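Protein chains: 2
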Amino acid sequence: MKIKYELLKTCGNARRGKLHTNHGTFETPMFMPVGTLANVKTLVPEELKEMNSAVILSNTYHLWLRPGEDIVNKAGGLHKFMNYDGPILTDSGGFQVFSLAKNKKKDITEEGVHFKSHIDGRPLFLTPEKSIEIQNKLDSDIAMSFDECPPASADYKYLKNSVERTLRWAKRGKDAFNNPNQSLFGIVQGGPIEDLRRFSATETVKMDFDGYSIGGVANDGESKEDMYKAIDYSIPYLPQDKPRYLMGVGEPIDILEGVERGIDMFDCVLPTRIARHGNVFTHHGRVNMRNLKFREDFTPIEEDCDCYTCKHYTRAYIRHLLVANEQLAGRLLSIHNIRFLIKECEDIRNALDEDRFKEFKEEFIKNYTNK
Amino acid sequence: MKIKYELLKTCGNARRGKLHTNHGTFETPMFMPVGTLANVKTLVPEELKEMNSAVILSNTYHLWLRPGEDIVNKAGGLHKFMNYDGPILTDSGGFQVFSLAKNKKKDITEEGVHFKSHIDGRPLFLTPEKSIEIQNKLDSDIAMSFDECPPASADYKYLKNSVERTLRWAKRGKDAFNNPNQSLFGIVQGGPIEDLRRFSATETVKMDFDGYSIGGVANDGESKEDMYKAIDYSIPYLPQDKPRYLMGVGEPIDILEGVERGIDMFDCVLPTRIARHGNVFTHHGRVNMRNLKFREDFTPIEEDCDCYTCKHYTRAYIRHLLVANEQLAGRLLSIHNIRFLIKECEDIRNALDEDRFKEFKEEFIKNYTNK
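Just so you know, the protein sequences line up as chains A and B, in that order. Our numbering puts the first sequence at residues 3 to 373. Our numbering puts the second sequence at residues 3 to 373.
None of these hints come from the bench; they were simulated from the model. Among the clues, some could well be false.
Because identical chains cannot be distinguished in the list, a pair is counted as satisfied if it fits within a single copy or across any two copies.
27 Å max Cα-Cα, derived DSS-like pairs, lysine-lysine [said to hold, decoys possible]: (1) K76 to K295; (2) K295 to K82; (3) K313 to K51; (4) K244 to K118; (5) K132 to K107; (6) K368 to K231; (7) K363 to K231; (8) K313 to K43; (9) K345 to K226; (10) K107 to K20; (11) K82 to K313; (12) K231 to K159; (13) K313 to K76.
Predicted, not measured: the structure shown is a model, and the values here were computed from it.
Work the whole structure out from these sequences, hints included.
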């Protein structure tokens, strides 16, 4: 069965909805924690449920290399392999091909991309058909079309060629798609250029995907303004009855900006990645928990946070674990950071329900940036 | 309040008992997982409870260096600092001084030991009084006397001097001891030498500690035979009404040998350390889960294991996490390995209760060594 998006309410461009999947329904707007290699780093599914996380993303490129899609398929699909029974979205591998291989030789042809493994340097070739085949075997709830992710520095001509190729790749992937229990999203590209985004969105929507992503917004060097442009120039051409997913975005303020512009779903490695380096989200901005000032601070990271970490541990204890290089620190901080973004989305949904999103956003940003 | 040992039953030298502490009662024989730096690596207290772990050990030397005993004390003691409400035993730092500093210059004087920090090389000086002061501040349930741990290669003269010094240090520590809610164990040393163990045990018992440890059995190069001798030569001189703890021992077979000889408590970093390298205890011996043969093995580590890991994950998934260097692997395998030893002790206690310890031990060893 395909996913079904239920639009509950709009508030300007912002949308309040639900996404029904074969592995349960989740509310939107929603942040999706990233489980790159079939696990959200350091955490188990029970912990994700406890923090009210309702859908995760996993990476096709990484699972293709390790353990390989055939092993996941033999396990009964990604849900069974990783013992997670909630909805899973898989990306296409396109972003990893372009980001992980960015300093290495890669060869983009009409057929697909030749590049080298980030693990052992062996030559790899990923095509739209191969990306879809892998995702079909992983059996995630939502698969992504294989797209080209142009660099932030790309000029108009490069972007135009890239958008056109991504459309051809989207068509090839859709034709190759062969999993009746999985849904497939198209990806809108076109950089910060209005006519390219319009062209990409219009043509992608014509192919009638189960949902639409806005890509090319999480590159190194991408400015916030360009990200907002990419969204603003794409959204008007996307249908109201399909979910919209902003790929790779998860800064607390970016989520607010995305929701305001009409985005339903977000993902980002940020909460878990910064956690492993000792950094946490707070309502007064990001904080490094290694700071000496927390040495004898026996209060939680945030007093009113309802996460497991804040309910049980002090800043002093967390700082101690970080300074002593204990892995438990990364686990506890990942819990806090993911819960922070999940809770932010809950608060956003409540604000939308109560017609006070604009005020909520202003207040949140004021606190977050003023510290 | 001091601990109280309740002897329920003997079976040859083996003992079935209970230890009552200010943080709950636990059954003996019992294995204690090691929480070196105020956490059992990668795990939270709820997970320890779920695996029926009832008492942990934490390391005075490590906590002295990081975060420092004063910070733990200001937090309200080690239990509050690490959010663990079960019994905690702290070692004295003696073993770490001699093992971590083994390739570095150290100077053993009557007053104490001058050595260098394993973290930054700065000079440190640990004395019996300082060790007790640190442990008093950590406020564990059970503290250990500061002892000298002679190398496995030590000759009779060295051992004799060392035993005599350890007795003087035990007395000094006992005199310095100042925490009415904490109990203090004496440590029997003397290598594998009968008259030294007898002397050490007899003189230590004269000082009337709350319990007795057998030390000097977990050194590099120590043979199993020497370990058994150390126990056999010490046990006859220890009182029946006090608990006996074999320090640093946690190999599944060594636990059986220790119990048979009259030991009540064990600790070892083995289950968590080998877990982080991908190794697990099974009833047919140790197994490395990275092995290629587990690539498509969708069964649990052990079919009849009741641990969280075995109930939820397959060998193929665990191998994948290990190969991909995901920290979650160490966490899942630590759970299995600790549960293995905790369960072994449960099985031992049941066997003692049902007068079939000897048969249980033989069967266990046969399975464990024949693979």
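Hints that the structure is at odds with (numbers, increasing) = 4, 10
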